[in-house]
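Enquirer: In the order they appear, the protein sequences are chains H and X.
Sequential numbering from 1 applies to the first sequence in the numbering used here.
Sequential numbering from 1 applies to the second sequence in the numbering used here.
Hint data in this document are derived by calculation from the structure and do not stem from the laboratory.
From a predicted model like this one, the values you see are computed outputs, not experimental measurements.
Just so it is clear, CB atoms sit at the ideal spot from N, CA and C, and this is done for glycine as well.
Not one of these hints is a red herring.
DMTMM-like cross-link-like pairs, simulated, lysine to aspartate or glutamate; straight-line CA separation at most 25 Å:
#1 X:K152 with H:E334
#2 H:K82 with H:E203
#3 X:K152 with H:E282
#4 X:K101 with X:D62
#5 X:K152 with H:D214
#6 H:K299 with H:D265
#7 X:K52 with X:D268
#8 X:K152 with H:E213
#9 H:K228 with H:E213
#10 X:K152 with H:E275
#11 X:K152 with H:D283
#12 H:K299 with H:E236
#13 H:K233 with H:E222
#14 X:K251 with X:E185
#15 H:K233 with H:E221
#16 H:K228 with H:E275
#17 H:K302 with H:D358
If you want the ones that stay clear, here's a sample from chain X, every Cβ over 12 Å from chain H, calculated:
#18 E7
#19 A19
#20 E22
#21 R187
Covered by chain H, per the in silico footprint, the following chain X stretches (three or more residues, Cβ under 8 Å):
#22 84-90
#23 127-136
#24 144-157
#25 213-226
#26 238-244
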Amino acid sequence: MRLVALDGYAEKRGFHIGQGVAEARAMCPEIDVLTADPAADRALLAGLADWCSRYTPLVALDGDSGLFLDITGCAHLLGGEKALLDDLLARLFHLGVEARAAISSSAGLSWAVARFGSDDILAEDEAARALAPLPMAALRLPRETIETLGRVGLKQIGDLLEAPRAPLARRFGATLLLRLDQALGREDEPLSPRLPVAALSAERRLGEPVQGEDDVLGLTEELALRLKPELEKRGEGGRLFELLLFRVDGAVFRIAAGTSAPLNDPRRVAGLFRERLQAVHEDLDAGFGFEILRLSVPKSEKYEVMQEDFSGTPDRERPLAAFADRVMARFGAESLMVPALSESHVPERAATFRPLTDLALIGKAEERAENIPAPLLAAAARPQRLFPSPEPVEAVAEVPEGPPRSFRWRRTLHRIARAEGPERIAGEWWLDGEPALERDYFRVEDDSGRRFWLFREGHYGASAPPRWFMHGVFA
Amino acid sequence: MADRAVERETVLSLRETIARIENRRLPGVVRAAKAADPGGFRQREEEEPGRKALSLGVPDLDDLLEGGLPLEGMTEIRNAETRDAGAAAGFAAALSVLCQKARLEKGEPAAPVLWISQSMASNEAGMPYGLGLKAFGLDVRGLVFSLPRTVKDALWIAEAALSVPSFCAVILEIRGNPAALALSESRRLHVRSRAGHVPLLLLRQSGHEEASSAFFRFLVEPAPARERPLPDGSMLRGSIGHPVFNVIAEKSRAPAPLGFLLEWNPHDRRLYPVEPLPAAAAADPEPAHSVARLSASSGRSGRPQALGELVAFPRAS
Numbered sequence: 001m002r003l004v005a006l007d008g009y010a011e012k013r014g015f016h017i018g019q020g021v022a023e024a025r026a027m028c029p030e031i032d033v034l035t036a037d038p039a040a041d042r043a044l045l046a047g048l049a050d051w052c053s054r055y056t057p058l059v060a061l062d063g064d065s066g067l068f069l070d071i072t073g074c075a076h077l078l079g080g081e082k083a084l085l086d087d088l089l090a091r092l093f094h095l096g097v098e099a100r101a102a103i104s105s106s107a108g109l110s111w112a113v114a115r116f117g118s119d120d121i122l123a124e125d126e127a128a129r130a131l132a133p134l135p136m137a138a139l140r141l142p143r144e145t146i147e148t149l150g151r152v153g154l155k156q157i158g159d160l161l162e163a164p165r166a167p168l169a170r171r172f173g174a175t176l177l178l179r180l181d182q183a184l185g186r187e188d189e190p191l192s193p194r195l196p197v198a199a200l201s202a203e204r205r206l207g208e209p210v211q212g213e214d215d216v217l218g219l220t221e222e223l224a225l226r227l228k229p230e231l232e233k234r235g236e237g238g239r240l241f242e243l244l245l246f247r248v249d250g251a252v253f254r255i256a257a258g259t260s261a262p263l264n265d266p267r268r269v270a271g272l273f274r275e276r277l278q279a280v281h282e283d284l285d286a287g288f289g290f291e292i293l294r295l296s297v298p299k300s301e302k303y304e305v306m307q308e309d310f311s312g313t314p315d316r317e318r319p320l321a322a323f324a325d326r327v328m329a330r331f332g333a334e335s336l337m338v339p340a341l342s343e344s345h346v347p348e349r350a351a352t353f354r355p356l357t358d359l360a361l362i363g364k365a366e367e368r369a370e371n372i373p374a375p376l377l378a379a380a381a382r383p384q385r386l387f388p389s390p391e392p393v394e395a396v397a398e399v400p401e402g403p404p405r406s407f408r409w410r411r412t413l414h415r416i417a418r419a420e421g422p423e424r425i426a427g428e429w430w431l432d433g434e435p436a437l438e439r440d441y442f443r444v445e446d447d448s449g450r451r452f453w454l455f456r457e458g459h460y461g462a463s464a465p466p467r468w469f470m471h472g473v474f475a
Numbered sequence: 001m002a003d004r005a006v007e008r009e010t011v012l013s014l015r016e017t018i019a020r021i022e023n024r025r026l027p028g029v030v031r032a033a034k035a036a037d038p039g040g041f042r043q044r045e046e047e048e049p050g051r052k053a054l055s056l057g058v059p060d061l062d063d064l065l066e067g068g069l070p071l072e073g074m075t076e077i078r079n080a081e082t083r084d085a086g087a088a089a090g091f092a093a094a095l096s097v098l099c100q101k102a103r104l105e106k107g108e109p110a111a112p113v114l115w116i117s118q119s120m121a122s123n124e125a126g127m128p129y130g131l132g133l134k135a136f137g138l139d140v141r142g143l144v145f146s147l148p149r150t151v152k153d154a155l156w157i158a159e160a161a162l163s164v165p166s167f168c169a170v171i172l173e174i175r176g177n178p179a180a181l182a183l184s185e186s187r188r189l190h191v192r193s194r195a196g197h198v199p200l201l202l203l204r205q206s207g208h209e210e211a212s213s214a215f216f217r218f219l220v221e222p223a224p225a226r227e228r229p230l231p232d233g234s235m236l237r238g239s240i241g242h243p244v245f246n247v248i249a250e251k252s253r254a255p256a257p258l259g260f261l262l263e264w265n266p267h268d269r270r271l272y273p274v275e276p277l278p279a280a281a282a283a284d285p286e287p288a289h290s291v292a293r294l295s296a297s298s299g300r301s302g303r304p305q306a307l308g309e310l311v312a313f314p315r316a317s
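In isolation and in its complexed conformation, chain X is listed as follows:
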């Protein structure tokens, strides 16, 4: 009897270890065994050990991420082309805003966000812009930016930053798939991030899919924004509203890549899921009933012009 109890204990502790390594929730059996108190007292409901996640406020995405953005460990965000870098940087900035907000809500002292950008990445896709990030919802007073020359230097700074408990998030921006950031280096960063309890967002600019130690990898693509809402509930035609991203979870526990259309609202500082635009509406700028109910007035100054707009083409000669 005693032997069986020891065996069971061993198995349970192994399962717990595996769950911790895989960053999953504790299996139910383990949880029940841990919760049962030999004295019969009810234990205080504790936060689940071994896993800290930040809910992104989008139920489907949170389910996919098993609770939310891992607050200990690496998450990779990549974009396919350099011209999409704005969307990927925006998504990374949105996640760090959420980290900042979560800290404030928990009543912890504000911590800075460190943005490490290999200089070529920032030269190609633009420098982070303070006013724009402020308008995006990021508290730029707590932003520290670093522009190391090489990937190696960037990795060194990231590693140094992950070992101090001072940052609320670290964004590491790398261009392409450099050999200096292969599987073993990403493993190293990931372990550092888990040990230091600082979330690391690896922002891979115009890179391919590559095996890494990140829990999740997102491919971020730009998506057409919704129109600006007017006070009466209608939309302002032709306006560009809050940014929308098409976030595809390439690496996750889901069997196939899942895509989400997410809108970032800088005022609420949260993500909202949005429905895809109907294809026809995007393609056809004319309203559905384009026939005028009244006959057009003619010969007046207010009549619509017969010709289209005049466009300036570059001169041939």
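In isolation and in its complexed conformation, chain H is listed as follows:
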């Protein structure tokens, strides 16, 4: 076992990363050794990244131990860079997180100064001055490069600043100069934010945290009301809304609610979240309350503005959309389905259900089925109810190809009075592979008038005896 991380006290005592635990214990018997849990570390970092989105929507993860915040255009909202940094560090301190931070004009410089320097806010022209006394490790270089540089006496970044570039690149590779340029701000370094930035969002910071569900919903409606003019200006309605709840103790909850049609009505947005909160009730623990609420619209679409008329004819689409949204917010996107017909001879593939993701799907079940030959679609011999997986039955049938005489399904014997068939449906070898057996379907009626759809898989006389299945029930 080796040490992978140290706290400040351990660093002072002279431990170093990579040291064996036994050796460390020999140096100082009273140390606490905890097993590393990288997954939990990452989860904590992700949680902190969510929490940091109170300062800027652009938060990027940096390895396992850091975060980049792009605060371009955000600092003035919080009273300037200094105030932002102080607020951030003070809040993190109260959350029990030991953090260091620096603000500068490039990500590389901030990284270096936060870890190895003493400044916190650097102006644009101070990059060279701040970097010069820092060790080579501040440049985010591979360890071998740092060691090679150390062997030739280049220990501080200042040693590189004045050196000619071409020999450095030849000897130590392009990475060195790239990292140096990035730290100096000569080379652009794109940050990849953890989450896409929503086109629109509205935020409310509360002096006193709220706990009640009704308060949260009331504030959500207020936020939606603030978003509405923006949406109207763009001529759009939201297809996906996301509510971020920042709890006092630093936990952040993200609740997303999709809609089946573009939506900008604040009441209905709040109604959507009412259903969502019902659905996630157990997972959402208000604790000591939420201090910041943010409503954003990650996905929006063109919204057709319709004029209300006096004819009194109720508009059908809008209540239907409201209903679909309520149901899907509560039970998930798969809870409402529409039939989908497709080109297949295998009955269970020919008609399936697909989720009602868009209201425009209603009335379009046959869009893809236009090319299906008419006789197949018009076939009367299709049951009204179909078992998704055919149920095996014991049947007594005429050989070699006759209809069954009687069969036992779910432990009940049915005597067959009449039968129609067979309708032979071959397996789709391009999907099922060569050994797919063909099925002979019979439409049968038992002596009390129940109509069933049975099929025989295989043939009598073949090496394996055929098997009979119940596949559907007719009206």
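Please arrange chain X on chain H, whose structure you already have, making use of the hints.
Expert: This is chain X only, laid out in the frame that chain H set:
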């Protein structure tokens, strides 16, 4: 004199209220009083207020239902056993086809049918099958299907659907007699359905008779289908024609349960009453005059085989 007129007015309005609650036609006295106009003008013949019904096209059944399927309120359809679920689902589908058709005939925009099926009901009796329902006459383009896990979820969705004026019918399929759907819940659904003007068909799969708020309850049993007609008017022997249901009105205003044999014709999209099959014809597959007029030819390839068909029994060992 004035007092008596006020009393009479009160009584008439009470009778009207009662008729509305009981979903009956207005009593004749009330109708006459309402029709009489003090100005002496003849009023336009109006649709009877307080009751909307859809004629099923079968006079006896329509009489029993006092005009037809109530378009506001709950109607219960149940079947006794799971294996009869096809018949009950077929009857419910037939009623929703009639609702769709009535909307089209009235020139209203087409509205979808919502089929809510508790997942256990669909697992046991099969999922509604798009192609089969299409062949049955239902416009599957306007079908929305929902498969909630529990009865409670199903009731919630049904209630939400009944409060929007977007559906032409709501089918709620429940298995058995769950405690979550007792009298008060059915009352709630019924009131919602009346307020929302959407017919609710409660399809109770393999359930017992249970007191509910539905106007009518039907027990649907399968019945042998008629044979397919041939172009020359005769019937194709041994074929299975249009589906036939035995619909028994268990709960209605009739003094005793009444049974109807109804055939659903998917092409005409309407129900036809049919006569019960003569018992003998069903039992005896041989024609009435089975004696051959000519002596059978012998020794030829075309002669009937002496033995019956060969049947494959499962192997004993």
